[in-house]
Amino acid sequence: AQRVTQPEKLLSVFKGAPVELKCNYSYSGSPELFWYVQYSRQRLQLLLRHISRESIKGFTADLNKGETSFHLKKPFAQEEDSAMYYCALSGTSYGKLTFGQGTILTVHP
Amino acid sequence: ETGVTQSPTHLIKTRGQQVTLRCSSQSGHNTVSWYQQALGQGPQFIFQYYREEENGRGNFPPRFSGLQFPNYSSELNVNALELDDSALYLCASSDTRGAQETQYFGPGTRLLVL
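For the protein sequence lines, the chains are A and B, in the order given.
Per the working numbering, residue 72 is the first one in the first sequence, and the count goes up by one each step.
Per the working numbering, residue 14 is the first one in the second sequence, and the count goes up by one each step.
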């Protein structure tokens, strides 16, 4: 079975502070991991995926297979980063996404 | 390039009724997936359609059914509505012909069952 856990429902930081959104997963095979973001009044959109190894909007995420984690990090948070963030896993051949419950990130000025 | 669109945006039904939700996939995409998002939860996979056939299904009863049309648009049908079916229904399209499949989401249809 596939499972994604985001332990924090809410996360608050001040502008310029580092931020880390936690994601742990459970899957017996080789998963593909994603971070999706939903800004206020906008649709869910892909932020980054682990196989691309990109940095998007200053965010990075490293897949740690030993700890089964895919934490999202940004060294200096900005107010425009305030949003709902979902970690998601795809482990099947047909691309079904299993989402975590989401973390609401609030960046205070 | 047009993005994923869904209709209607909002819908109110009563228990026992049937509902049809519609999705137009992003231009060039051949696969459509449907998700249910209850309040305060992450999206849950319902099923995926590829080449007009169901290509995978989550843990949802048979009263949730779908269709995909030759133009890759899709419908989600829910029969015998229950109060717990109240949720945001998301459609996502993707192109499985590429090396990396990314799902692009629509704005959702919010369904309220009374």
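Quick caveat, the hints were computed from the structure, so don't treat them as lab data.
Mixed in with the good hints there might be a few duds.
[What the hints assert, rightly or not] Pulled from the structure, derived: some chain A residues nowhere near chain B, Cβ distances all over 12 Å: (1) SER83; (2) GLU103; (3) ARG112; (4) ASN135; (5) THR169; (6) GLY173.
[What the hints assert, rightly or not] Covered stretches of chain B (in silico footprint by chain A; criterion: 3 or more residues with CB under 8 Å from a CB of chain A, positions within the stretch not fixed): (7) 30-36; (8) 75-87; (9) 116-127.
These numbers come from a predicted model, not from an experiment.
Backbone N, C-alpha and C define an ideal beta-carbon position, used for all residues, glycine too.
How the hints compare with the structure:
The non-interface label for SER83(A) is consistent with chain B: the shortest C-beta to C-beta separation is roughly 18 Å, beyond 12 Å. Its closest Cβ contact with chain B, about 9 Å, brings GLU103(A) to no more than 12 Å, contrary to its assignment away from the interface. The Cβ of ARG112(A) sits about 9 Å from the closest Cβ of chain B, inside the 12 Å cut-off, so the non-interface label is violated. Interface exclusion of ASN135(A) from chain B stands, the closest Cβ pair being 21 Å apart, more than 12 Å.
Distance to chain B contradicts THR169(A) as a non-interface residue, since its nearest Cβ pair spans about 7 Å, not more than 12 Å. Separation of GLY173(A) from chain B is inadequate, the least Cβ-Cβ distance of about 5 Å not exceeding the 12 Å criterion. With 0 residues having a beta carbon nearer than 8 Å to a beta carbon of chain A, the region 30-36 of chain B misses the requirement of three or more and the stated coverage is violated. With 0 residues having a Cβ less than 8 Å from any Cβ of chain A, the region 75-87 of chain B misses the three-residue criterion, and the hint is violated.
Under a criterion of three residues with beta carbons nearer than 8 Å to beta carbons of chain A, the stated coverage of the region 116-127 of chain B is upheld, 6 such residues being counted.
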